[in-house]
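Starting from two chains that each stand alone, build the complex the way the hints lay out.
Spelled out, the chains give:
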Amino acid sequence: MTSKITTSQTIGPFPHEAWRWAVDMTATVDSNAPKIVVKGAIFDGDGVAINDAWVESWMPDSAPLESAQAIPGYRRVPSQDDGGFALQISMPQAAATGKPVAYVTVFARGLTKHQFTAVFLEDDAGLAQSEILGQVPQQRRDTLIAKKQADGAYLWNINMQGVQETVFFDYA
Amino acid sequence: MNFDAVESGVYPELIYPPYKSTVKRGPTQAPLRINAAAATTTNLFASPKLILPHDMDMTAQGQGEPLGEKIVVTGRVLDEDGKPVHNSLLEVWQCNSAGRYWHKRDQHDAPLDPNFTGFGKMLTDDDGRYRFVTIKPGPYPWGNHHKAWRPAHIHFSMFGNVYAQRLVTQMYFPSDPLFEYDPIFQSIPDAAARQRLISRFSLEQTVDDKMLGYEFDIVLRGRNATPMSL
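Sequence lines, in order, name chains A and B. Residue numbering for the first sequence follows my numbering, starting at 1 and increasing by one per position. Residue numbering for the second sequence follows my numbering, starting at 173 and increasing by one per position.
Chain B with its partners taken away, still in its complex shape (with noise of 0.2 Å):
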C-alpha cells in the first residue's frame, strides 16, 4: 500500500505540555519518512481461533450482569480509498460505568465490577464492520492537573491489513462536556480530527429495549490496497 504523508494538525502533538508525561517522552525530531516495502506490504495473519466466545460481548464475561448502562458500538474500518479492511484484528478496553479500570495500577475511589474486566477483541467482517455489546464508561480523574477528568472513552488497538496500517485510539461519546478540559482530546490540533474520534448515536443500531447503539467508522491510512493485502 501507498501512506500518504499525514496533514499537519492531523495527528496529536507529540510533546503538548498541557498533557504533561508528553513532555519527556514525545520524540523531539520529526519521524524520518522511509520506504520499507515490508512494512505496508505485510502483516501478523490474526486467526479467527484468537477470538473467545464473550470477546465481544463485554456484558457477558461474568457470573453475572454489570451495573451500568448497556450499549452496542458498531462501525467499519476502511482504508483511505474507501476499500474495508476485513478480517482485521481489532482490541477494546475501558473502565467500567463507575470510572474504574480492572488495573492493579487504577488507584481511583470507586468500586470495580466483579461482572466486568472492560476488554475484548474481534475480526472485523469481509465488508470492515465490527460489532460489540459493552458498558457505557464513565469518566475518571487522572491526576495530570486539578480537576483532570477524563471523558468517557473506549480504547481502540487496531492492526489493519498490513503493519504500518497499526493504530491506537479512543472512541468518545456525543456532546461530552469535558472535551473542552481534556489535554489528551485537545492535544490534536485539527478540530475536523477531533470530531472524527467521537461516535455518534444510531437509533438504528439500537436494540429494542435492551441498548442503545453507537456508530464510530475508522479510516485507517493507505491507499491502493494489492488484493494480496486485502
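If we strip away everything but chain A, and leave its shape as in the complex, we get (with noise of 0.2 Å):
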C-alpha cells in the first residue's frame, strides 16, 4: 500500500516566538516527586555549537507526577548561545528501569526532518536489560547515556555528525 504520508520540512531559525508560550508553560516543574536534571548541549558535525535548536521532550513516566503542570511530563526547551539546554524531569519511584527517562524530540534550522532521540541515567541499574539499548548496537549506546556530574545533574550531549553521532530512532 502507497503511503500517502505528509512529509516534513525544516522548522527554520524563527519558531521562537511562536514556540515560546510552551517553553515558558514547561520552564519550571511543580510536582512533589525528586526531581533530577539532564543538561548538555547540542553540536553540529564541526563540534560547533547549534544555537537555534529545539529540544522537546516527552516522559510518561513522569506525567503521572505532574498533574499540576500545563502539560504534565513535556518540555520544551530551546537551545542557548552556547548550544545548551537542561531538562528537569520528575523521577518515579522504580529504581532499575532500563527505561530512558524522557524521550527526546530535536529540531534546528538545517535539519530536514525532526529527530527522535531518547536519554538515559548512567546509574540505572536496568541499563543492561533495557528492551531499547538492547536494539541499539553496542557501541553506540553511550551516545543515549546521561553521565552523573559532580553536581548531581546528568551530563548528555547531542551531535548530529560524527564518531559520537548520537543514535536517532525510526520508531515501528
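Just so you know, the hints here were simulated from the structure itself, not pulled from any lab data. For glycine and all other residues, C-beta sits at the position ideal for the given N, C-alpha and C. Wrong hints could be hidden among the right ones.
[Claimed, not checked] In silico lysine-lysine, BS3-like type, Cα no more than 30 Å apart, as pairs:
| id | chain 1 | residue 1 | chain 2 | residue 2 |
| --- | --- | --- | --- | --- |
| 1 | B | Lys-196 | A | Lys-148 |
| 2 | B | Lys-382 | B | Lys-308 |
| 3 | B | Lys-255 | B | Lys-196 |
| 4 | B | Lys-308 | B | Lys-242 |
| 5 | B | Lys-221 | A | Lys-35 |
| 6 | B | Lys-192 | B | Lys-308 |
| 7 | B | Lys-196 | A | Lys-39 |
| 8 | A | Lys-39 | B | Lys-192 |
| 9 | A | Lys-4 | B | Lys-308 |
| 10 | A | Lys-4 | B | Lys-192 |
| 11 | A | Lys-147 | A | Lys-4 |
| 12 | B | Lys-276 | B | Lys-319 |
| 13 | A | Lys-39 | B | Lys-276 |
| 14 | A | Lys-147 | B | Lys-196 |
| 15 | B | Lys-192 | B | Lys-319 |
| 16 | A | Lys-4 | B | Lys-255 |
[As the list claims (entries may be wrong)] Cβ-Cβ distance ranges computed for the label pairs, FRET-style:
| id | chain 1 | residue 1 | chain 2 | residue 2 | range |
| --- | --- | --- | --- | --- | --- |
| 17 | B | Asn-259 | A | Glu-131 | 25 to 35 Å |
| 18 | B | Arg-395 | A | Gln-164 | 27 to 37 Å |
| 19 | A | Pro-34 | B | Pro-190 | 15 to 25 Å |
| 20 | A | Asp-123 | B | Ala-364 | 41 to 51 Å |
| 21 | B | Lys-192 | A | Gln-80 | 18 to 28 Å |
| 22 | B | Glu-241 | A | Arg-20 | 20 to 30 Å |
| 23 | A | Pro-137 | B | His-226 | 47 to 57 Å |
| 24 | A | Gln-80 | B | Arg-303 | 28 to 38 Å |
| 25 | B | Leu-224 | A | Gln-80 | 50 to 60 Å |
In C-alpha cells, the structure reads:
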C-alpha cells in the first residue's frame, strides 16, 4: 500500500516567538517527586554549538507525577548561544527501569526532519536489560546515556554528526 | 500504533548540499528502526485550556486589522488508515504579508506589522479538522545563495495522537513560481510528496467577500490506532 503521508520540512530559524508559550509553560516543574536535571549541548559536525535548535522531551512515566503542570510530562527548551539546554525531570520511584528518562525530539534550522532520540541515566541498574538499548548496536549505546556530574546533574550532549553521532530512532 | 517504514524519497534528504546548513547538521547515519511501546502508544495531554481566544484568528491578535490578504486555512489531520487525528495540538507560524517574521533574528528589510505576530495554535476537532484565519504570508529572501527567496509558506507543528506521530512541516500555496528554485522544497526527492505540501484553493471554504479559503489535509504516520490512542 502506497503511503500518502505528509512529509517534513525544517523548523527554520524563526519559531521562537511562536513556540515560546510552551517553553514558558514547562520552564518550572511543579511536582512532589524527586527531580533530576539532564543538561548538555547540541553540536554540529564541526563541533560547533547549534544555537537555534529545539529540544522537546516526553516523559510518560513522569506525567502522572506532574498533574499540576499545564502539560504534564512534557518540556520544550530552545538551545542557548552555547548550544546548551537543560531538562528538569520528575523521577518515578521505580529503580532499575532500563527505560529512558525522556523521549527527546530535536529540531533545528538545517535539519530537514526532526530527529527522535532518548536519554538514559548511567546509574540506572536496569540498563543491561533495557529493551530499547538492546536494539542499539553496543558501540553506539553510550551516545544515549547521561553521565552523573559532581553537582548531581546528568550530562548528555547531542551530536548531529561525527564519531559520537547520537543515535536517532525511527519508531516501528 | 504501528509505524510502517517510510518509502525512500518521501522525507527530505537530511544532507542536501543546495540547502547549505544541512551539510553539518543532518545526521549521517540512517535512523535506527526500533520498537518502543511508549513512543507509539502514549502522548502528552493537550488540554483545551491551552488554547487562547485569538489563537485561531491571527488577524484578531492586535489593536487593529493587519495588512495583507486575509485568508482561511482548513483541513483534516488523518492517520495512515484515514482515521481522524482528533483533539490533537497543532501550532502554526508564519511571516507577515511583507515577508517579515516577528523574530529578533529576522533582518529582512521589510516592515513588521504591529497588528500581526504570525502565530497561532489550536486543537483538531472530533473529525480531525482544524481551521484558522490569517494573512497570506509573503515570500522572503534567506541568504542561502544569490537570489534565494522562499516560496510563501506557513509552518505547521503537529503533536498527533501518539508521540511518534510528531511532525513539523510547511504548507505552501498553489502555483508558486519559486518552488523550482527553493532548496528546502526541493530537498524532498519524491515529486508527489512535494505536491502534498501544497494547499489547494477552495471556493467552498472561501467566506463571502471576506477571505479566500485554502485546504490543506495532513496525513501523519501510523496505523492501527487503538481506542486508547484515538
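Is it true that Pro-34 (chain A) and Pro-190 (chain B) lie within 15 to 25 Å of each other by Cβ? 49 Å, violated
So the hint says 50 to 60 Å: do the beta-carbon atoms of Leu-224 (chain B) and Gln-80 (chain A) match that? 27 Å, violated
Starting from Lys-4 (chain A), check that the Cα of Lys-308 (chain B) is at most 30 Å away, please. 26 Å, holds
Lys-147 (chain A) and Lys-4 (chain A) were given as a pair; does the straight-line alpha-carbon distance stay at or below 30 Å? 41 Å, violated
For Arg-395 (chain B) and Gln-164 (chain A), compare the CB-CB distance with the range 27 to 37 Å and indicate the outcome. 35 Å, holds
Run the distance test for Lys-4 (chain A) versus Lys-192 (chain B): straight-line Cα separation, threshold 30 Å. Roughly 28 Å separates the two Cα atoms, so the pair holds.
Do the beta carbons of Asp-123 (chain A) and Ala-364 (chain B) sit within 41 to 51 Å of each other? For Ala-364 (chain B) against Asp-123 (chain A), whose Cβ atoms are near 48 Å apart, the range 41 to 51 Å holds.
Restraint check for Lys-221 (chain B) with Lys-35 (chain A), where alpha carbons must lie at most 30 Å apart: Holds: Lys-221 (chain B) and Lys-35 (chain A) sit about 26 Å apart, inside 30 Å.
What's the verdict on Lys-147 (chain A) and Lys-196 (chain B), does the C-alpha distance respect the 30 Å limit or exceed it? 26 Å, holds
Verify the proposed pairing of Lys-276 (chain B) with Lys-319 (chain B), using a straight-line Cα cut of 30 Å. It holds: about 22 Å lies between the C-alpha atoms, which stays within 30 Å.
Given the hint that Lys-39 (chain A) pairs with Lys-192 (chain B), test it: the Cα-Cα distance must not exceed 30 Å. 28 Å, holds
Pro-137 (chain A) versus His-226 (chain B) beta-carbon gap, inside 47 to 57 Å or not: Taking Cβ atoms as reference, Pro-137 (chain A) and His-226 (chain B) lie about 49 Å apart, which means the hint holds.
Of the hints listed earlier, those the structure fails to meet are numbers 3, 11, 19, 25, in rising order.
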